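*Asks:* Residue-level listing of the chains:
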Amino acid sequence: MLAGCEGWQYLVVQGTVLCMEAGGAVVAQLRRGTLQYCVLALLSAREHYGFELVRTLSDTDGMVTSEGTVYPLLARLKKGGWVSTTWRDSPSGPPRKYYAITAAGRRALESFRDDWQRFQSAVNSLLEEGTRR
Amino acid sequence: VTPSTEDLVDQYRQELRRAAGRLPRRERDELVAEIEAHLRAGLEDADTVADVHNLLEGLGDPAEIVAAASPEPARPPRRGSVALALGLVGAVLGLIPFLGLFVAIPLGVAAIVIGSKIRREARALGEADPSAAAAIIAGVVAVVVPLLLLALFLPQDTRVDVELETEELDVPAPPEPPEPPD
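If you're matching them up, the sequences are chains A and B in order. Per my numbering, the first sequence starts with residue 1, numbered consecutively. Per my numbering, the second sequence starts with residue 1001, numbered consecutively.
Keep in mind that the hints were calculated from the coordinates and are not lab data. Note that the structure is predicted; figures quoted are calculated from it, not measured. Don't be surprised by glycine CBs; every beta carbon is placed ideally from N, CA and C.
In silico contact screen, one side only, chain A against chain B (beta carbon under 7 Å); selected entries:
#1 Ala-25
#2 Gly-50
#3 Phe-51
#4 Glu-67
#5 Thr-69
#6 Pro-72
#7 Ala-75
Beyond 12 Å from chain A on every Cβ pair, some chain B residues (computed):
#8 Ser-1004
#9 Asp-1010
#10 Gln-1014
#11 Asp-1047
#12 Ala-1050
#13 Val-1089
#14 Leu-1093
#15 Leu-1095
#16 Phe-1098
#17 Leu-1099
#18 Glu-1179
Based on the provided sequences and hints, a complete structural model is requested.
*Replies:* Put into structure tokens, the structure is as follows:
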């Protein structure tokens, strides 16, 4: 019987954890879909080296949960031709790899900016509609 | 830098190299170089062991970083459903006394193990895989149900049956195997 009790307790705990994950998954997917454009937006102001870019993103609340995963994203953006890299000497220590936005990256960013603004206002108006009733 | 912080960073480097082993060589070298540069830059401001811990935790689990670098189709989408099917079959078979012990529990354990693995991988990609989660629950049911049945029915019923049979058979008869209870 004791084994059975432990099993049921495990089941309840698992169920609770899974429900919480379902809520977090929406934010995680939004983050996953938009992070690359946030990177492009940061780079559109000026070029950044990796550490600096990652720190800026992770200082923005909720944008990055694991800093290391930004580097594979940067590699994909480079492969897709949206960013380029240049090595530059640093005032202290070894040379740094700087990331800059390309013309194709700027076009992608502008297109996303339009889509996002339309999407955001649509969601906002529907959410406000919900609170009014 | 005290030896213990160096140990921490070295251990992280080793984990990263091990996890990155399955990436294509160029991607692996690039990723490792970037993380190394991040560690170097971060360690410049890290004065205490706590700072080093924060730096490494901020970077995140090496397996998670490597998963983010892996090409998307590396994760077949149907495996969660396979684990779920295992767990459900196990949960149903678990209702059959005794058969449940030998069939449902292995199926349930398999569903839990595979389901947890898929869930971990999905979570590393920032997603939730509902079928993997359901597989874990079905697996737990498949393990728990036969154990519950065993705990509820085995101690009283079988003991009584065996005692009755031995009392009735006072003449040594050709040995018959006691019938399994339904």
